[in-house]
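Asker: Below, each chain spelled out in residue letters.
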Amino acid sequence: MKKLLNITSFILLGIYFAIVLTEAQAISWYRIQEMFYFQSFHMYGLLGSAIATGALSLWIIKKFKIKNLNHTPIEVKDKPFQWKANLGGGIIFGLGWGLTGACSAPLFISLGLNWKIGFLLLLGALVGTLVYGVLKDKIPH
Amino acid sequence: MTNEPLAWYIAGPLIGLIVPILLILKEKQFGVSSSYRYILSGITKNPSYFNYHREQDAWQVYFAIGLILTGIIYNLNGYDMNALKTSVGSVKFDALTSGFYDLSNWAIFLFGGVLIGFGSRYSNGCTAGHCIMGMSQLSKTSFIATVGFFIGGLIATYFIIPYLF
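Going down the list, the sequences are from chains A and B. Every letter in the first sequence is one number past the one before it in this note's numbering, and letter 137, counting from 1, is 137. Every letter in the second sequence is one number past the one before it in this note's numbering, and letter 42, counting from 1, is 1042.
A couple of the hints might just be wrong.
Stated by the list, open to error - Pulled a few chain A residues facing chain B out of the computed Cβ check, cut under 8 Å:
hint, residue
1, PHE10
2, GLY14
3, THR22
4, GLU34
5, ILE51
6, HIS71
7, PRO73
8, ALA105
9, LEU107
10, LEU130
11, GLY133
12, VAL134
13, LYS138
Derived from the structure by calculation, the hints contain no laboratory data. Where a beta carbon is used, it is the ideal one built from N, C-alpha and C, also for glycine.
If we strip away everything but chain B, and leave its shape as in the complex, we get (with noise of 0.2 Å):
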């Protein structure tokens, strides 16, 4: 495996070019988040936010799988998630032991995990349904979603990571 990533100029036409190919195929408009919503809803219908009509949700489910397998894919084929840890840029990951990507960090990654959950469904849409597609349809909303991301993730990247490790 090679630590050089594929081209930016060729990656992101790739992913922008799921817009048009989800709107012309399937009549969907690009988002990942809604599947939380989806599958909650699948088992509680309490309170109200989850009793509501899902069927329009369900697609996501099915594109997650598809992620997922994927993920799975790549692990059989020895994908390692803490390869970068010494080939990345500039920034330094020497406080890092054992890698980013080791279950000692656990309460991160479910902690994280909340917040990703509150936050996307907060903001009605992730990078999927704000920053790429909303984006994409020069939407003031996700805008102003794409703009919160950021405040957020500078805030957790100078002012948060630098004291857990």
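Chain A on its own, in the form it takes in the complex (with noise of 0.2 Å):
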């Protein structure tokens, strides 16, 4: 139950951000063409806003030490400086979010809404972390 319970909590949050990225359009790859082209603002006021609300949440939980539901102190882990693999890696996926207008969030939203592509689209994800898993000893991080 308690498992359950877990899981169908995850799920709303996926649902809840599923809703706002769609009625924001930010899962449209007209939307991110238009970004990168510096077309429109809303994009941009769409990621420095989210990020600016992010990161006045940690720091009301840093200030005010709030405790998670378990009542155990938050602990907010930086991923490793890794920045060969950082950037190389990021400008991999910015190609691939610049042809499709999908990350990843909005990768598994196309799935629902048209399964044939989402499909060729989780396909290629799988592929290319699979390759990674392949490759990652061999290329420089």
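Got two chains here, separate frames each, mind docking them using the hints?
Answerer: Structure representation (structure tokens):
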């Protein structure tokens, strides 16, 4: 029962996130093209205000030592700094984002919107992940 | 369906709130692309990248199920992925005969998907984990990754897309 509740809460959060992304049209290739052509402030305002809200929340959590539901202090971990991988992988990811208009969350939303297109995207993403797993120790990090 | 998006100053904060909600309710740091690794680790343990404590990432797959379900609901309500073709900004999409979201562009979706999967795992995060979560942490790692996302996106937009249609 507890496990089911746990799973359901994540599904609900996913639904919340997907509704906001879809309503803001951030899942659309057209909006992403517009962003990269610097023809609208919409996506920049969206990302900027999302980051500002996240940063302010983290500051409040730290400042007031807010605890999670289990009454333990909230720890925010930093990802390891590997600039070659962060930058190189970032550029490769960005190429995919620019080509398809989808990043990871919109990719899953697309799967519901148009399963054929979503299937191609997800299949590609899984192949890409597999290729990374194979090459991981051979490429610079 | 209207073509006006939900205003960024409403949608942005609603997105940013995911960060504290996940931390406080679920003790998780926001991210989506680890779900790819989780899914593959259910199929194979080789190479060793897929032999890991996968339970830590299971939640991202549940989260993704919520994303897919929402897509299905919009789809059932007649959501048109190409509706923005004629209405977005001043970008010209005239070269697109049938809209971008068309199976004739299958190679773009498939190959673009490969880049998304490989790139997000290589950079150790995607727009969610780096752009939103990591930048909220003011993390140097995520700043560099985000710069990479935009370099890649700009290259695709100016030097690849114009030659595909």
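Asker: Looking at the structure, which of the earlier hints fail to hold?
Answerer: 6, 7 and 13
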